[in-house]
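Next come the chains, spelled out residue by residue.
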Amino acid sequence: MNELIDLTLVCILLGLASLSLFTQSLFRAVMFFILLGLILALVWIRLDAPDIALAEAAIGAGITGILLLDALAHLRATSNTPPQLRQLKQPRFWLALISGAGVILLLALAISEPLAPAVALDLQVSENLTNSGVTHPITAILLNFRSYDTLLEVAVLVLAALVAVTLRQSDEHPVVNEYLPNPLLHACLKLFFPMIFLVSMYLLWAGAAQPGGAFQAGAVLAAAFVLFYLVGLKTQLAQNDIYLKGGWIFGLALFVLVGSMPLLYGQPFLTYPDSQAGIFILLIELGLTLSIGWILFSMFLLSQSSPLQKKDSP
Amino acid sequence: MVHFPMAGLVVFPLLGALVSLALSQRWRTLMSFALILALLLNNALLLLQFYSQGMFNEAMGNWPAPLGIELRIDGLALIFSLMSAIVASICALYAYVYLRPAQLKLFWPFFWFLWVALNSIWLSSDLFNLYVGLELLSLAAVGLVALSRDALSLAAALRYLFAALLGSIGYLLGVALLYATYGTLSLVELSQHFSLTLSSSVALGFMFIGLLMKTAVFPMHSWLPPAHGGALTPVSALLSALVIKASFYIVLRLWTELSLDSAPTSAGLLMGILGSAAILWGGWMALHQTHLKLVVAYSTLAQIGYFMLIFPLLSDTNPHASHLAFQGGILMLLAHALAKAGMFLAAGNLLFCTGQKDLHSLAGLSRYRPLNIFAFGLAGVSIMGLPPSGGFNGKWLIIQSAMLQSQWQWVLVILLGSLLSAAYIFRVFSYTYQEVEGGDRFKQPSPLLEWSALSLSVLSILLGFASMLVLDLLPSHSVVTQ
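These protein sequences, in sequence, are chains S and G.
For the first sequence, the working numbering gives the first residue as 1, with consecutive numbering after it.
For the second sequence, the working numbering gives the first residue as 315, with consecutive numbering after it.
Hints listed in this document are in silico derivations from the structure and should not be mistaken for laboratory results.
Be aware that one or more of the hints could be misleading.
Label pairs and their computed distance ranges (CB to CB) [what the hints assert, rightly or not]: (1) G/472 - S/27: 18 to 24 Å; (2) G/751 - S/91: 33 to 39 Å; (3) S/38 - G/359: 48 to 54 Å.
Quantities reported herein were computed from a predicted structural model and do not represent experimental measurements.
The beta carbon of each residue, even a glycine, is placed where N, CA and C say it ideally should be.
Build out the structure end to end from the sequences listed, making use of the hints.
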């Protein structure tokens, strides 16, 4: 029975992927891509990775979908014609096809060998879990054992937002916002926003013991911000350069600060004080949630015409 | 405070990124230069620490590998960290004078994130951590290319982004395969268990293709000339001198740590052939460019080829010759970082003088702006590999190693490549020596711009005299080819 479910999921996944690639209309391609993200989230659940499933649903399908749709609106506004399916005649299409097939073949060869990992890392994780301050192994890895990776990843996020600003400022055709002045939507949002916020905070809090955490919580928060923006409730905070960038770096700054403190006491970078690791992890995660939500939102915001653009344009 | 100098390499640039995003213009500049000084000092402290206690590891968060991530300072990491500190500080000084305030506002955070990424890559001994470092590096580099904001460089930046992302995917795929096979991400642990099975070879193949794409090794180079040639001058210098070295550094690390020198020679041979093709193609293209910065960018392509010649020469059958090739390669990398940064800055000054990109417009500059031509020429001496320079010593060691191992084909390639580089550098000179009528109609760059270009070029020459000082930091050959 389970094999049947898996087989169906794989078939749907492949079907959606090829539909998304080969459909003529870009809008349809984006829709298929969002669906692909949702199915992929199911696949992650089947693979016993609920954390990744949550992240996939929130970021892969949610925020990425919004950004793609937004980019589409942009393409239309600048009357850039979407690419047509003429690739079949081009040699580069065949080159890509052959290299893709080669990659698949090589991967199949590589995983045909029986896997017998020499190091059992999962055992080490569960042995050290009691000292990590949290009880969920994924959170323990992300924010304690390998927190250095996470620190740098957060830096990557801030940087991505900054690159978006840079590219944004060189755009000559800013899209004029189209709000949806729909009273029903307003009312709904009033009703839903506290709940979305609550879900976000719950994801954050639950991350200590079960699937969840800062990235997922941040993505949900970003979705709430986006809804806010779409109904026309412009957040004044986002119009101000200082608040905008302050929001980006808040989580990273907190992380660096907490991480550097032990250096003063002769401990290695990113060491948490004994027996208080849980509190510090929660503190850092709270900062990260807010910043991640803000960064993901401002990526969306930047694709609209933003105050930064007006200020700096030559 | 024993943990400070090593953590400082990452903490200081991170602080730099934070303050340059948070503070106002004046404080941003002030703090940035204060932090650059702090980083230089930090590097000096680290050097002292290395002299007193040798190679050492440090576990982030006090979790030793393989559970946590360990950073490592050894000779190689230290050399690269010092190199990036010197080049980045001088480029920052140049950028401060050269860029407009609006550009500078975005330059500082990108610059600092770039430095975070570089240092994290030099220090890391964890495969996934290296990936995160690469991601940070590529994004910062793409942002820097997009700073100039004209249509051409935006297109170049996007192309660079796609190439870099493709490279990242290749690397990540390989890391995932290796993790599935060995159950560890720590490079030290991996090297203990590593054997060249089918899945490991496939994994390493993906990783190397990805990394070489990010390094712009022939034939995966086409993103480099528009990105490096079209960027703002201090950015071109940073990219050519430092950024492409990072992915190459990871290839070199993997190759030596996983003892691939005892692998079948065909892998090394393939790397050597790619390198040779890069040397000849890059040199040939540089000879046919009409824009000054594109000449310098194609020269980078050719220089990458020389680095690739290390791999066929690393073998466990002849440790002495192998060690010579390793030393030579490191010297070439260092000399190129200094000389190419100097050359790009000098080229930027020359373009500033004339206000045009075309080589013909350089006519008369030798007479009226000799200092810039001198800086360009000194860097050229090292790039061509004429004595006395770091470039010469590096080339000489590689040639020696190739002769000891009777691999004459590489000697031939190096000689041909040197002739080509001499040709494209003297071609630039020949334009500057042409006499023009109408006297001095060129603009005068500020002395700070001229002297920062010159100082980098002089350093690349001085490296020729101080080579032993640098090479003494590297482990002796018994360790390299263990």
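Okay, the hints, checked on the actual structure:
The hinted range of 18 to 24 Å is satisfied by residue 472 of chain G and residue 27 of chain S, whose Cβ atoms lie roughly 22 Å apart. Between residue 751 of chain G and residue 91 of chain S the beta carbons are some 51 Å apart, a value that contradicts the proposed interval 33 to 39 Å. For the pair residue 38 of chain S and residue 359 of chain G, the supplied restraint of 48 to 54 Å holds, since their beta-carbon distance comes to about 52 Å.
When each numbered hint is compared with the structure, a violation occurs for hint 2 only.
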